[in-house]
Amino acid sequence: MPIRDVNNLKLWQRRSGRESLFHWILWLIGIATFAYCWQQISNTTTWFFVWDAPRIANDIWSRATPPKWEYITQLGKPIWDTLNIATLGTIFALVLAIPVAFLAARNTTPSRLFIRPIALIIIVSTRSINSLIWALLLIAIIGPGVFAGVIAIAIRSIGFCAKLLYEAIEEIDEAQVEAITATGASRWQVMAYGIVPQILPAFAGIAVFRWDINIRESTVLGLVGAGGIGLQLSASLNVLAWPQVSLILLVILVAVVISEWVSAKVRGAII
Amino acid sequence: MSNSTFDVQKKIGKPWNKPPLVGRKWLRWALFSAFIVYLILAYMTIEVNWSRVYVGLERGKKFILAFTNPDFTSRSADIWEGIFESIVITVASSVVGIAISIPIALGAARNLAPLPIYLVCRGIIAISRALQEIIVAILLVAIFGFGPLAGFLTLSFATIGFLAKLLAEDIESMDRVQAEAIKASGARWTQWINYGVQPQVMPRLIGLSVYRLDINFRESAILGLVGAGGIGATLNTAFDRYEYDTAAAILLIIIAIVMALEYSSSAVRSRVQ
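Line by line, the protein sequences give chains A and B.
Residues 23 to 293 in my numbering are what the first sequence lists, from first letter to last.
Residues 6 to 278 in my numbering are what the second sequence lists, from first letter to last.
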């Protein structure tokens, strides 16, 4: 226990001298890094705009309220598209994520040396690139529209779903697998009767969780032209139709809240 | 031996079948047919211009080939500037976001805060979680002008919802006995938090912070699309000019940094937790 001696009085302290020195240096480096970063941001900022910000914010607020309620009649199709992008994207992603997950899990992969790293690379590279970037890319390749959005969401979700799924596969109870194997089951039968029932709850949970995230992401995919309600948002922003923007933001907020509620309900029922 | 026939089926009766996922038959069929109907409806409303897709495949091939031959050099100044700005935004917003979310997490833990403070803090968390980063970024760019400041504010705001919520949940599930022991020794409120609560939630806080740093970097890569600074603007320009080799280089750098961050964050998390 580190103790400091002050006038023959033994005082308890949390860290020994070297430890606290180390902590101080760590904090110093951290604060210096932050100060440097802040300076970089500050240098590239036009401070006049920042001081002017409250007035601008007020101005935008007064233009955006009240929302243009009658515009909602034109939002039905975009919302339907958004829902489709999220749902179809999630379904595609799950179909593709299942084999990837089985190839990536240590206990089911056919080859740890060759196939597992490839599966892991697929997982990392699809996960680390945002769906908006995938959408940008796909729009250049297959043209703007809902289809590009579906594929973008699907690609982005593969890594996420496969990662969670392969972690679930690695955590299964081996005894059940062994029991099925002992009955003389083939490799596929072991998978179907020994592994799948164990990961099914996790799978359903992942599916609903990702669907919820995808609803959020698909609302903004239209900003780069990949369909859904984001298209309306960017069109309204471009013509500075703030009452429409505020209505769209409200609709997005409601959609996000509903999807979160649905996913929480479903996950509560499964798990 | 050979003429005695042994009929397993007769001995044990009906063959075993896998129990269905949904018990009730009508519900199973209703769910299944609803799903099919939805798929058909969804498929009918999606217009896929297959000829356009076919034309684009050539470009897709070019892009995939670009990954084998990424061009880091011809736009290196733009790329490094963008990456640097992304990192700056990430670090600054993580620091500020974490600093703000700690008091909010304390307020949002029901076992520490009185009801009015609890409701206010939970409200802040709910707002921050419901608004998507890119939408916040659009609004902040409109208000504060183009540049990394808008991106910095966006990510700080998004960090609050994520970190404060998870930290508050950890505080709520902490061991009360330790905190009470500190209180019994006559500690002030700040001492109580510092010695009774903080040591219990510190591993989780560090783990979440590193994880959020990782997320913030990924998000900072897209903020540039709406003018909030970072590598996204460079990437968008590269796509617009069909410079796939530069775009591939940027994507490879992003993937490399995310992988490095993810690896180090999982190392840190496994050490502290």
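Don't read these hints as lab results, they were simulated from the structure.
All of these numbers come straight from a predicted model, not from anything done at the bench.
Watch out, some of these pointers could steer you wrong.
As the list claims (entries may be wrong) - Result set (SDA-like, lysine to any residue): computed pairs, CA atoms no more than 25 Å apart in a straight line:
(1) A:K287 x B:R223
(2) A:K287 x B:L171
(3) B:K30 x A:K185
(4) A:K185 x B:Y268
Said to hold, decoys possible - Just a sample of chain A residues kept apart from chain B, beta carbon distances all over 12 Å, derived:
(5) T55
(6) Q61
(7) R77
(8) D81
(9) P88
(10) P89
(11) K90
(12) L97
(13) K99
(14) D103
(15) I140
(16) G165
(17) P265
(18) V278
By construction, the Cβ of each residue, glycine as well, lies at the ideal position given by its N, Cα and C atoms.
Fill in: Index of numbered hints that the structure contradicts, given in increasing order
1, 3, 5, 6, 7, 8, 13, 14, 16, 18
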